[in-house]
Amino acid sequence: MNLKIQIEDGNSKSIVRLSGEIDVYTAPKLKDALLPLTKRQGTILEVDLELVNYMDSTGLGVFVNALKLSKENRCNLILVNLQDTVLRLFQITGLHEIMDLNSTIRGVEE
Amino acid sequence: MESFDFIEMKFPAKPEYVGVIRLSTSGIASRMGFTYEDIEDLKISISEAVTNVVNHAYEDKDNGEVTIGFGVYEDRLEVMVADHGGSFNLNEVKTKFGPYDSDESVENLREGGFGLFLINTLMDKVEINNNSGVIVLMTKYLENLGVEFYDDQVSTGQ
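Going line by line, the protein sequences match chains A and B.
Residue numbers for the first sequence follow this note's numbering, so the first one is 1 and each next one is one higher.
Residue numbers for the second sequence follow this note's numbering, so the first one is 1 and each next one is one higher.
Note that these hints are calculated values from the structure, not bench results.
Since the model is a prediction, treat every value here as computed from it, not as a measurement.
Check each hint, because a few of them may be wrong.
Under the rule of at most 20 angstroms between Cα atoms (straight-line distance), these lysine to any residue pairs were calculated in the SDA-like manner [said to hold, decoys possible]:
{"no.": "1", "chain 1": "A", "residue 1": "4", "chain 2": "B", "residue 2": "17"}
{"no.": "2", "chain 1": "A", "residue 1": "31", "chain 2": "A", "residue 2": "17"}
{"no.": "3", "chain 1": "A", "residue 1": "29", "chain 2": "B", "residue 2": "20"}
{"no.": "4", "chain 1": "A", "residue 1": "31", "chain 2": "A", "residue 2": "53"}
{"no.": "5", "chain 1": "A", "residue 1": "29", "chain 2": "B", "residue 2": "19"}
{"no.": "6", "chain 1": "A", "residue 1": "29", "chain 2": "B", "residue 2": "55"}
Using the sequences plus the hints, can you model the full thing?
Next up, the structure:
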């Protein structure tokens, strides 16, 4: 019932690997880790959700927040390897239309 | 009268307990024979309802409690989430209700307000009572043959 955050920091691309659950308890920690990375102009910010087995609307809120900031700073936010249960939340809420989601590893088309 | 088991749990309205409530929900739903997908729906819905209580308790800086009641019936699970403290602003919650509309610009995109919408989407029946505090009553039926989001290949383990 926790969230592990690993950051691979590069010049033009940062990768954030998440593992665990994103809810009201862990969301603030994710926000603190993610938002500063969205402020780097012209970079790619990739968030790997392969090991995230639970997420609810607080997680959606963090990613919407990160998307807004990344657009302002012309940073490219991409979410990759979403599990079916997590991808479904983006689809139900219509957010998959505006977020850059890539779930090819799970064999789910966008 | 229809017979059922009733389970009640009381937690401090703090973020760190939402995961524990989720685990309890998962345990009860799994014992009843819900599918893996339905258990996921229940976990998200109950977390959303509890998160509303937790966020509200935090705004007011009073360390309230959240009460969860499970009505275990032969054909369904009824879950009640009650906030005994003040009530969150129901009208405000309702105005933010609904999925993202692709006409909205990214700048105006809201960061909250998906909670109640998700509960409504994932549960079979939802009632909200706002008389003294807020009570959310959610029902999920066993073997719901309605809309399925998953293929048959998903395992039913857990």
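Evaluation of the provided hints:
This hinted pair checks out: residue 4/A and residue 17/B have alpha carbons roughly 18 angstroms apart, not beyond 20 angstroms. Restraint check for residue 31/A and residue 17/A: satisfied, since their Cα atoms lie roughly 14 angstroms apart, inside the 20 angstroms limit. A threshold of 20 angstroms between alpha carbons decides the hint, and for residue 29/A with residue 20/B the separation of about 18 angstroms falls inside it, so the pair holds. Using a Cα cut-off of 20 angstroms, the hinted pair residue 31/A and residue 53/A holds, with the two alpha carbons roughly 18 angstroms apart.
For the hint linking residue 29/A to residue 19/B, the alpha-carbon distance of about 15 angstroms falls within 20 angstroms, and the restraint holds. Between residue 29/A and residue 55/B the CA atoms are separated by roughly 16 angstroms; this keeps the pair inside 20 angstroms, and the hint holds.
Hint violations for this structure: none, all hints satisfied.
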